[in-house]
Amino acid sequence: MRDYVQEVGALTMRWVHRLRREKFSMLFTLVQPMLFWLIFFGSLFQRAANSEVVQAPHYMSFLAAGVVVMTVLNNGLSGGVDLLFDKENGFLERLLATPIHRASVIISRFIFVMTITSLQILVILTVAYFFGVHPATGLLGIAVVLMIGMLFGIGLTAISMAMAFSVKSHGDFFSVLGFLSLPLIFLSSALVPLSAMPTWMSMLARFNPMTWTIDAVRPLILSGWGQALPRIGMVVLLLLVFDALCLYVSTRAFRRAIG
Numbered sequence: 001m002r003d004y005v006q007e008v009g010a011l012t013m014r015w016v017h018r019l020r021r022e023k024f025s026m027l028f029t030l031v032q033p034m035l036f037w038l039i040f041f042g043s044l045f046q047r048a049a050n051s052e053v054v055q056a057p058h059y060m061s062f063l064a065a066g067v068v069v070m071t072v073l074n075n076g077l078s079g080g081v082d083l084l085f086d087k088e089n090g091f092l093e094r095l096l097a098t099p100i101h102r103a104s105v106i107i108s109r110f111i112f113v114m115t116i117t118s119l120q121i122l123v124i125l126t127v128a129y130f131f132g133v134h135p136a137t138g139l140l141g142i143a144v145v146l147m148i149g150m151l152f153g154i155g156l157t158a159i160s161m162a163m164a165f166s167v168k169s170h171g172d173f174f175s176v177l178g179f180l181s182l183p184l185i186f187l188s189s190a191l192v193p194l195s196a197m198p199t200w201m202s203m204l205a206r207f208n209p210m211t212w213t214i215d216a217v218r219p220l221i222l223s224g225w226g227q228a229l230p231r232i233g234m235v236v237l238l239l240l241v242f243d244a245l246c247l248y249v250s251t252r253a254f255r256r257a258i259g
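Using our numbering, the final residue of the sequence shown is 259, and nothing's skipped along the way.
These are calculated hints, taken from the structure and not from any lab test. Keep in mind that a hint or two might mislead.
What the hints assert, rightly or not - Label pairs and their in silico Cβ distance ranges:
{"id": "1", "residue 1": "G233", "residue 2": "T115", "range": "38 to 48 Å"}
{"id": "2", "residue 1": "T115", "residue 2": "D3", "range": "19 to 29 Å"}
{"id": "3", "residue 1": "F174", "residue 2": "L96", "range": "33 to 43 Å"}
{"id": "4", "residue 1": "M203", "residue 2": "L237", "range": "29 to 39 Å"}
{"id": "5", "residue 1": "G226", "residue 2": "Q6", "range": "21 to 31 Å"}
{"id": "6", "residue 1": "Q6", "residue 2": "P230", "range": "38 to 48 Å"}
{"id": "7", "residue 1": "V176", "residue 2": "F207", "range": "38 to 48 Å"}
{"id": "8", "residue 1": "E93", "residue 2": "H134", "range": "43 to 53 Å"}
{"id": "9", "residue 1": "M147", "residue 2": "P99", "range": "32 to 42 Å"}
{"id": "10", "residue 1": "L245", "residue 2": "L119", "range": "19 to 29 Å"}
{"id": "11", "residue 1": "I258", "residue 2": "T199", "range": "42 to 52 Å"}
Since the structure is predicted, the reported quantities are computational estimates derived from the model, not experimental observations. Even for Gly, the Cβ is constructed at its ideal location relative to N, Cα and C.
My request is simple: use the sequences and hints to build the entire structure.
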């Protein structure tokens with residue numbers, strides 16, 4: 001058990017050191033969702049959005065939950081990229097030939113992606129605070145937001161790693177990634193409430209795990225525990241089922257990839 005923990009720790013630090021060497025990438029990773037979605041997009045539609053439609057004091061406060069979950073989505077779906085590059089350059093094959101637990105490769109990637117995502121969420125909520133978005137459930141609510149985000153992120157990262165082990169090239173990977181990400185965002189309640197969508201989009205959005213996650217996160221930021229608690233239990237259950245399915249698919253893809 002001790003060796004296993006050391007392996008996971010060493011592999012996790014490998015991802016950290018790789019990110020530290022790419023300082024521009026690290027800065028962009030932390031700043032991009034806050035800058036482009038929260039500040040630019042939120043400010044652009046601040047006056048255009050009707051507060052009665054979004055049921056929030058202002059559009060920025062409505063959008064904050066969407067930006068948090070979009071960050072989880074983007075990080076999760078791209079979580080397998082580095083594993084794919086390791087597979088392409090032969091490092092993954094050499095690593096798996098060593099006497100390590102194969103699961104430690106996967107676990108370390110989960111830990112790294114979830115850690116970066118948590119930091120991004122905290123940065124987003126901190127910046128949103130200065131734009132008048134004050135989480136109604138306080139610090140405990142922020143902790144619950146992180147927990148729900150991680151549940152969603154685990155499934156997404158598992159999907160990403162399944163793609164990384166299944167596709168033949170990074171070109172195929174990024175094609176699938178681009179095909180998935182935008183529909184998942186626009187067919188969710190990230191940018192507008194379901195009530196403001198065309199009927200067909202609203203119906204599809206209700207089956208989107210991203211919508212489930214936002215429906216649990218948004219009351220924690222806007223409304224308080226009274227509205228948040230009834231939703232959290234059901235959303236957590238749905239996300240656990242989602243994670244189980246994604247992890248099953250990812251495990252099968254990993255086993256096929258290593259023969």
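For each hint, the structure was consulted:
1. G233 / T115: 38 to 48 Å: Between G233 and T115, where Cβ atoms are some 26 Å apart, the hint is violated.
2. T115 / D3: 19 to 29 Å: Since T115 and D3 have Cβ atoms about 22 Å apart, the given range 19 to 29 Å holds.
3. F174 / L96: 33 to 43 Å: At 24 Å between Cβs, range violated.
4. M203 / L237: 29 to 39 Å: Given a distance of about 22 Å, which is not inside 29 to 39 Å, the answer is violated.
5. G226 / Q6: 21 to 31 Å: 45 Å, violated
6. Q6 / P230: 38 to 48 Å: 43 Å, holds
7. V176 / F207: 38 to 48 Å: 20 Å, violated
8. E93 / H134: 43 to 53 Å: Holds, since E93 and H134 (Cβ atoms, about 50 Å apart) stay within the stated range.
9. M147 / P99: 32 to 42 Å: Roughly 35 Å apart at Cβ, these two residues keep to the hinted range, so it holds.
10. L245 / L119: 19 to 29 Å: 27 Å, holds
11. I258 / T199: 42 to 52 Å: 46 Å, holds
Checked against the numbered hints given earlier, the structure breaks hints 1, 3, 4, 5, 7 and satisfies all the rest.
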